[in-house]
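Asker: Following the hints, complete the assembly by docking chain W onto the known chain D.
As given, the protein sequences belong to chains D and W, one line each in that order. Residue numbering for the first sequence follows my numbering, beginning at 1 and increasing consecutively. Residue numbering for the second sequence follows my numbering, beginning at 1001 and increasing consecutively.
Worth double-checking, as some hints may not be accurate.
[What the hints assert, rightly or not] Partner residues aside, some chain W positions facing chain D, computed with beta carbon under 7 Å: (1) Leu1364; (2) Val1377; (3) Leu1378.
Hints in this document: simulated from the structure, not taken from any laboratory. Note that the structure is predicted; figures quoted are calculated from it, not measured. All C-beta atoms, glycine included, are put in the ideal place defined by N, C-alpha and C.
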Amino acid sequence: MRPTPANLVRILVPIKRCVDYAVKIRVKPDGSGIDTNVKHSMNPFDEIAVEEAVRLRERNKEAITNITAITIGPAKASETLRTALAMGADSAIHVEIPESLTPEPLGIAKALRALIEREQQKEPIDLVIMGKQAIDDDAGQTGQMLAGLLDWAQATYASKVTISDDKRSVNVVREVDGGAEEVEWLRIDHLSHRFSSLEPRYASLPNIMKAKKKPIEKLSSEDLKIDLTPKLEVFKYEEPPKRVGGGKVANVDELVAKLAEAGIKAIPTS
Amino acid sequence: MQLLIPTSTRRLAPSKPFHLHRTSQCFNFGKNLILKRCYSQPKRGSYASVQPEHIHALRNILSNKTSLLTSIKGCDATVESVSESELDSFNVDWMGKYRGNSKVVLKPKSTEEVSKIVKYCYDHNLAIVPQGGNTGLVGGSVPLYDEIILNVGNMNSIRSFDEVSGIVTCDAGIILENLDNYLAEFDYTVPLDLAAKGSCQIGGNIATNAGGLRVIRYGTLRGTVLGLEVVLPDGQILDSLSTLRKNNTGFDLKQLFIGSEGSIGVITGVSLLAAPKLKAKNVAVFSLDSYDAIQRAFIKTRQHVGEILSAFEFFDQAGHRIQQVHSRNPKKIFDAGRDAAFFVLVETTGSNKDHDDQKLAALLEVLIESEIVTDGVLAQDTAQFTSLWELRETITEAAGKTGKVFKYDVSLPTSLMYSVVEATRKHLAELGLYKGEGSDGKVKSVIGFGHFGDGNIHLNVISDSYDPEVQSALEPFVYEFVAKHRGSISAEHGLGLQKAPHIGYSQLPLNVDLMHQIKSILDPKKLFNPYKFVYRPPLE
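The following block holds chain D by itself, in its conformation from the complex:
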């Protein structure tokens, strides 16, 4: 039974702190990982998710009661939460984990489920908007796993979201191979957002100032009673093979000869 009026929607936006997308990734010489002593910022797809949540609220001012950003990450991830707050989220939750721990999608999904269940008692979460994938592991699984664990409806590759007038359902336009597909639910639940033409806003100074005063709740994985130990073991990281230069040929005969060397034979056409 929901204690809050059914008309108001609370949105949860999970975000991840990743290596900044513009950084050139370098693999450590021993292949054990990548050089993480570089600039980090919010996963660009998560920026879009935050932006979508904030725009939803701008379009439906009375409908959205609260936008909460959550991250499961090391201490420094709180900066990423501050960015989300500066973009317009109202409050934030930081599940702090040791820097050495790299959680997996299933672990994250379970943590999010634990959190959502915890919040059911106080102020239930109605809608979760997530980025399509994280740019470090490119897994793209967390949203789908979370929907499965919660048994909630999900729309993936969302490009346009509208909340119905009676606030009881959500209409989502999804991008599919042939174009777009509209999906409508009766219950407000869960969607994950695709990288579309939505551009995240800059964090403005007044909002940055305000964000400092917005609350960040700190939790640990014990608080949520979940175990984030990875179930997968990474053996090695490798850079892709370096591109070998091409060569110039002087004429067609030489081209044919080189192709023959590579094992490609000309087939006579009649």
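Answerer: Chain W only, in chain D's frame:
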């Protein structure tokens, strides 16, 4: 490599392959109205004209067939003649404003080749224009008549680099951005940054003593260039390529060549003190409602982040609006949109992100709470750094797309910098040439932007064409304004062809005399980059 150049496409940003915009007005200097109105165009000096036998001799000096491009017909089989339009990218400047008539472009591959070429030209009385990336803005890098173009672009290797001291020695033809990318691998950076970095070459930067965006942090090239290798006008190689920080043994000859605009030698080698590349970067853009507010913001900025400050740029509303019109990516930065009177871009670069963030946060709070700024944004990731910098860096390009630009790059006392823009608007309005921003006067727009921290403003007056009426309204008005306040008529762009006649507005006669004496000693035949920089027409 030569591109076939279509006749009516626009020149894009320097880092993309460029096309040239040719208007219906012919800029062949014989008919150039601008120079005729302003002062009489210098007559062609009594230099030899290039003949096929010169081409053959030069061809024999060069190791590579492609190092010589010529449109002169009648050469032997070792030389392939091209059409004149294929030399356009060397004969025409970046703005499409100045067009030379050179028939030969040489692209030597080594200092020895340069030396032999120059000696040959000295012996045969052939005039030379040294050229690098050809991104100069005062017509200094293209010929006026048929001077031979000596382009160092093929000399682009790094000679050595010392990771401990950060001193790099390289050829003069290396593109600035490529040098920076090389140094980045070692966590160093070139102490110079400007919008043309994708095309300009370090030799040219030094020959013009380029300023750029980071003078406030690294100082000018006069401090960071440690040594130069220069080929003198008689062909001798001056090896001043020291890598020492301190060397007080006689006159510092390299300082003569820094900023000499190719008039007394061609720079072929450079040794430069690179700066450590620090990881923590922040970029913020503010909106302000008065020029006075910018000055107060500058004081606060120096107080709170002075030691990590790496750029303090400003631009006005008119400049911002033009940039947004032509931007690939027009994104509203503030809720107030484009209505603010001024904008300031602040960049900090330091070694520790947490410390820098704290210092910057303190500054932001002070600026907002004291209402010095009306609004602001802070970049959250590298994509936003780039897009915020674009707001400032692409104004020049946007101005070029809006119309033909009369550019004035001046230094003035800080409190007076913007008054040159206001005075120009008023003056043009009084003459009926300017009726407000974007309206239908001959002058569409008057914008001001620049390096606030260096006391350097770029005044851009945008018109439909390089109209002589607008030209005479602006000159000598702007120069007189600057002279009255003891400023410089060319803070960083140099004199080139455009400002050579006006040197007197910023230098006293005795100073100019000494400069001519130096020129006569080093280039007695006046073969190097004639008609420009420090130039006196020969007495009739």
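Asker: Hints first: check each against the structure and report whether it holds.
Answerer: Right, here's what the structure says about each hint:
A cut of 7 Å between beta carbons decides the hint on Leu1364(W): the least distance to chain D is about 5 Å, and the hint holds. Because the closest C-beta pair between Val1377(W) and chain D is about 4 Å apart, less than 7 Å, the hint holds. Look at Leu1378(W): its Cβ gets to within about 6 Å of chain D, closer than 7 Å, so that hint holds up.
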